[in-house]
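Undergrad: Produce the complete structure using the sequences and hints provided.
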Amino acid sequence: MNGPQRWLAGALLLAGSTCGHAETLPLADVTLSSDADTVRRGAETVVTVCMNCHSLKYIKYRDLLNIGIDRDSLNLWKGDKDLNAPLLSLTPADMARASYGKVPPDLSLITAAREGGGRYVYSILTGFYTDKDGNTNNHIFPGIVMPDILGYSFAGNKEEQHQIEQTAADVAGFLLWAAEPTAGFRIKLGSAVILYLVILTALLYLWKRRIWKEVDHDIENSIRES
Amino acid sequence: MRKHLRQWIDTRFPLTRFVKHELTEYPTPRNLNFLWNFGFLAGFMLVLQIATGVFLTMHYKPDASEAFDSVQHIMREVNYGWLIRYLHSTGASAFFAVIFIHMARTLYYGSYRVPRELLWWSGQVLLIMLMATAFMGYLLPWGQMSYWGAQVITSLFGATPLIGDQIVIWLRGDFSVGDATLTRFFSLHYLFPFLILMLVVIHLVALHTVKSSNPSGITLHAKENIPFHPYFTIKDFFGLGVFLIIFCAFVFFKPEFFIEPDNNIPANPLQTPKHIVPEWYFLPFYAILRSIPDKLGGVIAMTLSILVFTAMPFLDRCKVPGGAHYRPVYRVMFFVFIVDVLVLGYVGANPPGGMLTTAGEIATFIYFALFIILPFTSQWENRLLARKKDLPEEALRLVREEVMEQYIDSSQEDKQ
Numbered sequence: 001m002n003g004p005q006r007w008l009a010g011a012l013l014l015a016g017s018t019c020g021h022a023e024t025l026p027l028a029d030v031t032l033s034s035d036a037d038t039v040r041r042g043a044e045t046v047v048t049v050c051m052n053c054h055s056l057k058y059i060k061y062r063d064l065l066n067i068g069i070d071r072d073s074l075n076l077w078k079g080d081k082d083l084n085a086p087l088l089s090l091t092p093a094d095m096a097r098a099s100y101g102k103v104p105p106d107l108s109l110i111t112a113a114r115e116g117g118g119r120y121v122y123s124i125l126t127g128f129y130t131d132k133d134g135n136t137n138n139h140i141f142p143g144i145v146m147p148d149i150l151g152y153s154f155a156g157n158k159e160e161q162h163q164i165e166q167t168a169a170d171v172a173g174f175l176l177w178a179a180e181p182t183a184g185f186r187i188k189l190g191s192a193v194i195l196y197l198v199i200l201t202a203l204l205y206l207w208k209r210r211i212w213k214e215v216d217h218d219i220e221n222s223i224r225e226s
Numbered sequence: 227m228r229k230h231l232r233q234w235i236d237t238r239f240p241l242t243r244f245v246k247h248e249l250t251e252y253p254t255p256r257n258l259n260f261l262w263n264f265g266f267l268a269g270f271m272l273v274l275q276i277a278t279g280v281f282l283t284m285h286y287k288p289d290a291s292e293a294f295d296s297v298q299h300i301m302r303e304v305n306y307g308w309l310i311r312y313l314h315s316t317g318a319s320a321f322f323a324v325i326f327i328h329m330a331r332t333l334y335y336g337s338y339r340v341p342r343e344l345l346w347w348s349g350q351v352l353l354i355m356l357m358a359t360a361f362m363g364y365l366l367p368w369g370q371m372s373y374w375g376a377q378v379i380t381s382l383f384g385a386t387p388l389i390g391d392q393i394v395i396w397l398r399g400d401f402s403v404g405d406a407t408l409t410r411f412f413s414l415h416y417l418f419p420f421l422i423l424m425l426v427v428i429h430l431v432a433l434h435t436v437k438s439s440n441p442s443g444i445t446l447h448a449k450e451n452i453p454f455h456p457y458f459t460i461k462d463f464f465g466l467g468v469f470l471i472i473f474c475a476f477v478f479f480k481p482e483f484f485i486e487p488d489n490n491i492p493a494n495p496l497q498t499p500k501h502i503v504p505e506w507y508f509l510p511f512y513a514i515l516r517s518i519p520d521k522l523g524g525v526i527a528m529t530l531s532i533l534v535f536t537a538m539p540f541l542d543r544c545k546v547p548g549g550a551h552y553r554p555v556y557r558v559m560f561f562v563f564i565v566d567v568l569v570l571g572y573v574g575a576n577p578p579g580g581m582l583t584t585a586g587e588i589a590t591f592i593y594f595a596l597f598i599i600l601p602f603t604s605q606w607e608n609r610l611l612a613r614k615k616d617l618p619e620e621a622l623r624l625v626r627e628e629v630m631e632q633y634i635d636s637s638q639e640d641k642q
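Chains as they are written, first to last, in my numbering: chain C, 1 to 226; chain S, 227 to 642.
No lab work stands behind these hints: they were computed from the structure. Heads up, a few of these hints could be off.
Unchecked claim - Listed below are several chain S residues computed to face chain C (Cβ distance under 10 Å; list not exhaustive): (1) Tyr306; (2) His328; (3) Arg331; (4) Leu333; (5) Leu466; (6) Asp488.
None of these values were measured; they are calculated from a predicted model. Even glycine gets a Cβ: it sits at the ideal position worked out from N, Cα and C.
TA: What follows is the structure in structure tokens.
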């Protein structure tokens, strides 16, 4: 590890340790989508920015082709790695541990592993602020070690802030996809299954009525008699 | 040809007789309501859990360093692996939901009473085995909640006097939950369902000996019985359809509802989750455990809270036929019990402290108090209803008809 990197890590750790008591705010109230465009835009940010430190070990480069990333961008991102290689961070684990004190969590399941899911990711990314001592902190995760990589806390104006919020939503959308790439198909299949079951159950109900006709008739009669 | 084949089989195996005796001529009270569907649904869930479990095992790796990854492998790379896994994980919850309703029905209608004690007790053993199976299965995904849940529950056995520590080590196969625990839980999680299957057969043999109870609580005369097939096969299949719609809605649209977010983090022995909660179906019992300040006392209370159901045939001294429907005091007690269990579940789901701890203690007291006062209230109920002289009209009608039928039968026999 070289000088500036070590200094940065130390500064971040110090910033983290001094700001441990800030208030935690509720998660941002946003509706996130993981439609194809969002996921594609999010993929770009995640691979080029987040993956400097984080891994997504359950996602392979090949999986990115399925969400419509073109081959040129993919080749640029993966370098000489195999198409079936997992998306691993540029910072090896031991180096990360040395600079941050911990290995940044793998992001493949992050939206499934946190209360709030995608909203948690969005809120963290847009939760950075500069406190009165001039240190960067986070509303959602006070004392966070991660730097404000999207630059929300030092955004110059509303427009710039809005742009970062958009990027954060894209990242959250991509990570929602990454946590369960089959979710889209699951919901599509689910609608068909439910439709099938509703029809089947309706038919079974009619069949039951037909079989029970005499018995129900009998019961009605005996009630009338008594 | 078919007739020949049947004859060939029947001389070697009582197939036709079996089908007749257990299905097409098996007498079933015709007044069963939809609550009597749940035994069949429980059987269906057992088969579904075994079937999905067998396929999951083909891809799962019971190894502390590979288990978590292999579940993700199933979710992402195995064809329809996500579906098999969600059916299995949601299925565990559905199984318990069905069993709890099945038990509540038995309690409400007094189906545990003479002559169905053995049927009820075999069900009790099934419940305990189901709980053990679910608990061991929950360790297998090797997430944070899997790990710490197993750590907490196995440590409870440490409260056993004198040999507590040895029992904990014996259960875990190690000093703390680890690879040895995972492999033995996996082995037993695969074995238990088949033991359950065997006991289900015994449960059914007992059922077919004493026959189904029914909402009136009176053993009905032949006239009121109809063959199981086709009447109850179609009714059960219709019930299954309704059940599957609800079940599949969860499997396909909300499968993560039954998976704690913490369980998507690989097990880490060095980091305790902020708040360890068991699965929802254990929450009431967990709340009872926590409500007793003493560790051994808590474990005993929790064990008793499950075993106490066994005593129901002895505790309930009421001679009035039928269930809570005809018994005003018991009916109130039943619904107090249901609300009490829900309160305990809520208490168990939240971190202890303040009001909740007090609420948990009161609810635990009510839970056991209801069982303790039952012998007295049920006898009081006997006197109360005897003073009223009359049973409810529906019950009286059934008794009248019963007597009439027997009278007609005996007079016919006399003629012969």
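Undergrad: Hints first: check each against the structure and report whether it holds.
TA: Okay, the hints, checked on the actual structure:
Interface restraint check for S:Tyr306: the shortest CB-CB distance to chain C comes to about 9 Å, inside 10 Å, so the restraint holds. Because the closest C-beta pair between S:His328 and chain C is about 21 Å apart, greater than 10 Å, the hint is violated. The interface hint given for S:Arg331 is broken, as the beta carbon of that residue sits about 20 Å from the closest beta carbon of chain C, more than 10 Å. At a threshold of 10 Å, the smallest CB-CB gap from S:Leu333 to chain C is about 26 Å, leaving the interface hint violated.
A cut of 10 Å between beta carbons decides the hint on S:Leu466: the least distance to chain C is about 8 Å, and the hint holds. Given hint, S:Asp488 at the interface with chain C, holds; its Cβ is 7 Å from that chain's nearest Cβ, closer than 10 Å.
Of the numbered hints given earlier, the model fails hints 2, 3, 4; all others are met.
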